[in-house]
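> Spelled out from the first residue to the last, the chains are:
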Amino acid sequence: MSFWEYLASRHEQLLIDTYQQASLVFQCMVLATAIGVAIGVLSYRRDWAATLAVTSTATVLTIPSLALIGLLIPWLGLGVPPTVTALTLYGLLPVVRNAIVGLRGVDPALVDAARGIGMSRTAALARVELPLAWPPILTGIRVATQMLMGIAAIAAYASGPGLGNEIFRGIASLGSANALNQVLAGTIGIVVLALLFDACYVLLGRLTIPRGIRG
Amino acid sequence: MAEASGATIELEQLTKRYPGSAEPAVDGVSMEIGAGETVIFVGPSGCGKSTTLKMINRLIEPTSGRIRIGGEDVTHMDPVKLRRKIGYAIQSSGLFPHMTVAENIALVPRMVGWSRARVRDRVEEMLDLVGLDPREFRGRYPRQLSGGQQQRVGVARALAADPPVLLMDEPFGAVDPITRDHLQDELIRLQHELHKTIVFVTHDFDEAIKLGDRIAVLRERSHIAQFDTPEAILTNPADDFVSGFVGAGAALKRLNLTRVRDVGVADFPTVRLDDPLQSIFDRLREATTTNELLLLDRRGRPYKWLRRGDLMRAKGSLARAGTLVGDTVTRDATLRDALEAVLTDSSGRVAVTGRRGEFTGVVDMETLLNSVHELLEEDRLAALEHRHDLEELRAPQTRAEQEGADHEPGERA
Chain A
1 MSFWEYLASR HEQLLIDTYQ QASLVFQCMV LATAIGVAIG VLSYRRDWAA
51 TLAVTSTATV LTIPSLALIG LLIPWLGLGV PPTVTALTLY GLLPVVRNAI
101 VGLRGVDPAL VDAARGIGMS RTAALARVEL PLAWPPILTG IRVATQMLMG
151 IAAIAAYASG PGLGNEIFRG IASLGSANAL NQVLAGTIGI VVLALLFDAC
201 YVLLGRLTIP RGIRG
Chain B
1 MAEASGATIE LEQLTKRYPG SAEPAVDGVS MEIGAGETVI FVGPSGCGKS
51 TTLKMINRLI EPTSGRIRIG GEDVTHMDPV KLRRKIGYAI QSSGLFPHMT
101 VAENIALVPR MVGWSRARVR DRVEEMLDLV GLDPREFRGR YPRQLSGGQQ
151 QRVGVARALA ADPPVLLMDE PFGAVDPITR DHLQDELIRL QHELHKTIVF
201 VTHDFDEAIK LGDRIAVLRE RSHIAQFDTP EAILTNPADD FVSGFVGAGA
251 ALKRLNLTRV RDVGVADFPT VRLDDPLQSI FDRLREATTT NELLLLDRRG
301 RPYKWLRRGD LMRAKGSLAR AGTLVGDTVT RDATLRDALE AVLTDSSGRV
351 AVTGRRGEFT GVVDMETLLN SVHELLEEDR LAALEHRHDL EELRAPQTRA
401 EQEGADHEPG ERA
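The listed protein sequences correspond, in order, to chains A and B. If you're matching positions, the first sequence starts at 1 in UniProt numbering and goes up one per residue. If you're matching positions, the second sequence starts at 1 in UniProt numbering and goes up one per residue.
Quick caveat, the hints were computed from the structure, so don't treat them as lab data. The beta carbon of each residue, even a glycine, is placed where N, CA and C say it ideally should be. Hints may be right or wrong, so weigh each one.
Short derived list, chain B residues pointing at chain A, Cβ under 7 angstroms [as the list claims (entries may be wrong)]:
no., residue
1, Arg83
2, Arg84
3, Tyr88
4, Ile90
5, Pro97
6, His98
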């Protein structure tokens, strides 16, 4: 069976897997962004806290993905919970680091001005600091998404959703007629998804970065 | 809309001590600032003038001491509420780059809960006030403005919610000298209209003289070396620190303090461009005292100086007769500007114009000299006495410098 014939015959299953992969990465990124920006906001003013945040999220990233999911299984069981936990943890580093860099990069004179005209600390953060730090944060989110897209394939190991299942099936039956097609279909699906996500981020940037600070 | 005029500011033993340093950054500043007064803090960098300013709106919390604004003790008030009642303008404008000009100006009025329509009207009013066309500038982003325009918007934002007090932290420090001069003139005009209480920090003594009703010369730890009117500081510096800060040429700087409208602006015989040629001829013949006429254009602005005989030589053509008017000064110009113009004019006089450039009179060398003499005569004694002290102090210093200069080439060789 040629690759195209394989795609035609299995397109339903492939579409479901692709949808699940996209949905998984999207949801994990929403979580990672919320947590990551929160960590950034809480830590960027204090040197030790910022160092701690960046170092610990960087440490998470050095754990091999297979090992991390494996370690989470006895704890959280199979399926979605360990997958989402692992992916969210992996997505944190770029978001946290860029949030800290972005927030620290805001001109102190502007923060001074914001406080000086009567903004509370929260208002200054929400209306001045975060909007100005948004472009680097968005870059962090973009990098994290690309990374998660690949790592998410490992989720199949824990019976998680996504295109990883296709790849794992192929690897498990190496030598059989459709093995190569399965691996190829899963891999290409992931690459195409990654490109689509990236295009969405470019669009999101155009829509959310104010004209006054667009490069 | 009625403009609230300024409120008094009283500082009482205001002190700032940073943890871990033995000396306080600001050491017991006490000062009373009248309502509607412009007070300038001037001093070398690092003298704590900015810290003192920031303690007034409590961007820096004082370690001890008391701040009263309009008689009300604000030392322990909610700082966010306090700051909404105090305008704040800083160096390089502090405009938020991700917001348009209108959004920047609208910030404080919105925060204090003005209605949408009122905020929109106010934004237009403020842009008009600082001399920017609302239609053109409302929707622009700060990076699309020049430095001077940004600074104007910064001032508009500081004044938007009509605060009685305005704090300005070296607001014109980052713009070029010509723009700075314009901005200073503009601030003087604004203050004539608004009568806010302004506290202004600068390290430029000339700026202080130009803008201040009173100047506080600060030395390290914000100790007040002298707090007085510009005239008094120029002619009677309290000590060597102050006179060092005043710098050379106090008499010339004194000219910056008096404006053309304060000295006699003399009348001058004029004719208008649209007068019949014959009557201009007659007037020239009649003019006995000066044998000169000033020809005004159709809008009453000075155009040409006409001497007797000029018209004859030009065969009756007004277009060719006479000499074009070069520099003019406004009634708000300083005597220094007027002197400059008179010195460069070949006949030693300069036309004074009103707001729209229309002719209002003439200032000549004689008027200027007389008024300068009067000004200086008032202060001469004090100045002389002071100069004597200063020379005694400087003599050993100069000698030391010369010796140092003698040594240098030897060392290099």
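> Does the structure break any of the earlier hints, and which numbers would those be?
none
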